[in-house]
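Protein sequences, first through last, are from chains Z and L. Its first residue numbered 0, the first sequence is counted upward by one per residue in numbering that gives the first Met the number 0. Its first residue numbered 0, the second sequence is counted upward by one per residue in numbering that gives the first Met the number 0.
Keep in mind that a hint or two might mislead.
Think about it this way: if two alpha-carbon atoms lie no more than 27 Å apart in a straight line, the pair counts; the simulated DSSO-like pairs of lysine-lysine are [what the hints assert, rightly or not]:
(1) K13/L to K90/Z
(2) K18/L to K90/Z
(3) K248/Z to K13/L
(4) K13/L to K88/Z
(5) K25/L to K248/Z
(6) K258/Z to K117/L
(7) K18/L to K258/Z
(8) K258/Z to K90/L
(9) K88/Z to K18/L
(10) K90/L to K117/L
(11) K258/Z to K25/L
Here are the in silico distance ranges between beta carbons for each label pair [stated by the list, open to error]:
(12) P20/L to V117/Z: 49 to 59 Å
(13) G44/L to A85/Z: 29 to 39 Å
(14) E95/L to S202/Z: 34 to 44 Å
To be clear, the hints were calculated from the coordinates, so they are not data collected in a lab. Beta carbons: idealized from backbone N, C-alpha and C, even for Gly.
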Amino acid sequence: MEVQKIINLEVIDLVISYGLVLFSIGLTSLSRIGQERHLFWSSLRMVFQLLAVGYLLQMVFSIRSPWPVIAILLIMSAFSLQVLGARIKNKMPNFYRIVGLSIFIGCGGVTVYFCSLVVGFSPWYNPHYLIPLAGMIIGNSMNGASLAAERLTSEITERREEIETAICLGATARQASQTAVRNAYKAALIPTINTMAAMGIVSLPGMMTGQILSGTEPIIAVRYQIAIMCAITGAVAITAYLIVLLGYKQYFTDAHQLKDQPTS
Amino acid sequence: MIPAIYLENICLSKAVENKLPAVILKDICLTANSSQITAVIGPSGGGKSSLIRLINRMSEPTSGSIYLDGTDIFSINPIDLRRQVAMVLQKPFMFEGSVKSNLLLPFSYSNSKFNSDKQYSIERTMELTRLSPALLERNARSLSLGEQQRVNIARALITNPRAMLLDEPTSALDRPTADGLAATVKEICQNSMLAVILVTHDLRLAERVADYIYFLDSGVIKENGLTTDLLKQSRCPELIRFLEEPDLLGR
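Looking at chain Z on its own, in the form it has when it is part of the complex:
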């Protein structure tokens, strides 16, 4: 099959496409939902952020050194942690330490495994591969991490009576919080399970679409998509597991007491 050369988008093309945003702003203004300013500023942020990332990546790609790549990955992780922290209102004790460590081990471990054993590029820090692959793994794991942390807090708060009853009956902290931990873990995995089930039928995934647009043969793009979905699933599963495993312990003392007991 003849591989098509990618069509370059000029500035004028971007201006034409931005017309759709302006049309949307007009539509929201007519609907009087008061979102015009948000829409406008968000679209501007999107344009400038993406352009900045584009130029930054181009610069990193031209420097043949692992350090800028590592720095970008660390900044990406730090931002994802900051976004998570802002999104979750009721945070577990030591939230940033636990979620940060879980993302580092879960996403970092899966990225190393995936890049070295599955894709196998060289050199190991090749930014063309490492940055987008790690970015997808971290970005997609954030949702699972957020769900795990948020649900664990609400489960333990709502199940306080059940947990205290179990502790009174001689349960360890782990046994007493088992249902809360399981529910939080399940909630974290459900979106990934649903995304996998719907993939290819309900939606065409972004990475695959991007590769096809850039001229990659569909079957190769599909192989990449399958592989990256497996990596994302692994990263979500490990990150969420670590969050619930390390997280529940924050609610208990060493003597298996649920913290912050109300007084009579």
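Using the hints provided, position chain L relative to the given structure of chain Z.
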């Protein structure tokens, strides 16, 4: 004679943001003997529940010592301690499943397998708490509140504990059901050689079942004595005021 439970100079204070720590309990000394019910009475917010929670290490005192049969409870593994000092919370919480599965929970927590000893334990506690064996296979959450509280007590007794702590066990029950449960608790205490500590603001319950009463107000034991003496010859103004509160004796 070594008391089953002995609390020596127990103090408890809790940190309050940007303020001095709040004193919950101050220099509490309390003794509870086997086959006796020791009641801790007093107005709400006086520190009764906070006190009882220290005895099975659901929380820790700021200072002082607690002994179980002469052994410092802080030298006992907290999980083992909670099997020896059972606690029944105010609201009965039934786990999903049958009454039998609820009764077997303490065994599952200790990872011990079901055998004839456990079958005997179930039968014994059902009998002690006057629960019909026909209820065993019923969904625990479908029982009445009174039945649930009996299952709650039976579940706490299944590991054959040395002492039992009851935190307002009848507060959610109507008067006849509460009276029936009180009579059962009295029987259990005497038949099982248990040391029972009962926390309540229900004077009628304390009067019916307790052998000895401690009056706890604002975190301090203001008066203590044999039930009959304390309720009839009290000289402590706070206790007299508490005794005079309407409805406390169900009158």
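Evaluation of the provided hints:
1. K13/L to K90/Z: Given pair K13/L, K90/Z holds - Cα atoms ~22 Å apart, limit 27 Å.
2. K18/L to K90/Z: Given that 27 Å is the threshold and the Cα spacing comes to 24 Å, the pair holds.
3. K248/Z to K13/L: Holds, because 21 Å separates the two Cα atoms, which is no more than 27 Å.
4. K13/L to K88/Z: 25 Å, holds
5. K25/L to K248/Z: Outside the cut-off at roughly 31 Å; violated.
6. K258/Z to K117/L: Roughly 32 Å between the alpha carbons, so the hint for K258/Z and K117/L is violated.
7. K18/L to K258/Z: Judged against 27 Å, a Cα distance of about 20 Å means the pair holds.
8. K258/Z to K90/L: 19 Å, holds
9. K88/Z to K18/L: 25 Å, holds
10. K90/L to K117/L: The hint holds at about 26 Å.
11. K258/Z to K25/L: Since the Cα atoms of K258/Z and K25/L sit roughly 21 Å apart, the hinted pair holds (cutoff 27 Å).
12. P20/L to V117/Z: 49 to 59 Å: Taking Cβ atoms as reference, P20/L and V117/Z lie about 56 Å apart, which means the hint holds.
13. G44/L to A85/Z: 29 to 39 Å: Holds, at about 38 Å.
14. E95/L to S202/Z: 34 to 44 Å: 37 Å, holds
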